[in-house]
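These protein sequences, in sequence, are chains A and B.
Quick note: the first sequence, position 106, residue 106 per the numbering used here, numbers continuous.
Going from the second sequence to the numbering used here is simple: count from 1 and add 110.
No lab work stands behind these hints: they were computed from the structure.
Zero decoy hints are in this set.
Each computed DSS-like pair below joins lysine-lysine, with the alpha-carbon atoms no more than 25 Å apart:
| hint | chain 1 | residue 1 | chain 2 | residue 2 |
| --- | --- | --- | --- | --- |
| 1 | B | Lys-119 | A | Lys-102 |
| 2 | A | Lys-102 | B | Lys-167 |
| 3 | A | Lys-45 | B | Lys-167 |
| 4 | A | Lys-45 | B | Lys-119 |
| 5 | A | Lys-42 | B | Lys-119 |
| 6 | B | Lys-167 | A | Lys-2 |
| 7 | B | Lys-167 | B | Lys-181 |
A few chain B residues that don't get close to chain A, going by computed Cβ distances all over 12 Å:
| hint | residue |
| --- | --- |
| 8 | Ala-134 |
| 9 | Glu-162 |
| 10 | Asn-180 |
Built from N, CA and C at the ideal position, the CB exists for glycine as well.
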Amino acid sequence: RKEVEQDPGPFNVPEGATVAFNCTYSNSASQSFFWYRQDCRKEPKLLMSVYSSGNEDGRFTAQLNRASQYISLLIRDSKLSDSATYLCVVVGGSQGNLIFGKGTKLSVKP
Amino acid sequence: NAGVTQTPKFQVLKTGQSMTLQCAQDMNHNSMYWYRQDPGMGLRLIYYSASEGTTDKGEVPNGYNVSRLNKREFSLRLESAAPSQTSVYFCASKTENNQPQHFGDGTRLSIL
Numbered sequence: 001r002k003e004v005e006q007d008p009g010p011f012n013v014p015e016g017a018t019v020a021f022n023c024t025y026s027n028s029a030s031q032s033f034f035w036y037r038q039d040c041r042k043e044p045k046l047l048m049s050v051y052s053s054g055n056e057d058g059r060f061t062a063q064l065n066r067a068s069q070y071i072s073l074l075i076r077d078s079k080l081s082d083s084a085t086y087l088c089v090v091v092g093g094s095q096g097n098l099i100f101g102k103g104t105k106l107s108v109k110p
Numbered sequence: 111n112a113g114v115t116q117t118p119k120f121q122v123l124k125t126g127q128s129m130t131l132q133c134a135q136d137m138n139h140n141s142m143y144w145y146r147q148d149p150g151m152g153l154r155l156i157y158y159s160a161s162e163g164t165t166d167k168g169e170v171p172n173g174y175n176v177s178r179l180n181k182r183e184f185s186l187r188l189e190s191a192a193p194s195q196t197s198v199y200f201c202a203s204k205t206e207n208n209q210p211q212h213f214g215d216g217t218r219l220s221i222l
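Let's have the full structure, built from the sequences with the hints guiding it.
As structure tokens, then:
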């Protein structure tokens, strides 16, 4: 099993749609989790941290299920500007290195 | 506040040439990282430095060397560039364990 797995997509959705991305991780000892966003030919940027109780930031909601080793990101009311690749990130190892999934590509259409 | 700064932004090399990619951060972060990103491969860790004075290999270290010059700067060197090293290189830093990383805007390197 890969350390962090994501559906590569692409997810093609109309503006205003709700879309959900899922991610699974293999290391049950992982303590910290993040979602990053990467625009085409740009650097990854932190979108939000993921907390055990779930957390929301505007139209974005992140959930963590430790028992299933599963992380999700929900985007409501999609905007054209949400088009990007979304990277699931897990902190692992003794040095606390970040382990990146390969990303899920989202394309929001008018 | 510049964050993480990488130079150069673009470079074309011939096979066998050497090159150093520079990275500097002004956030007083302890840890610094070098990644490469290739289509379909995601981000792969080349080397990292958990603190000033230490460096460790990541997933794909072959063909690269690094230097943590001081707390701010972490350079990546290609001693004898190969076409397989054509990629986008990202430097990142973070303050401590369990914190997110901050990325530079990348160096696009082509080796002919």
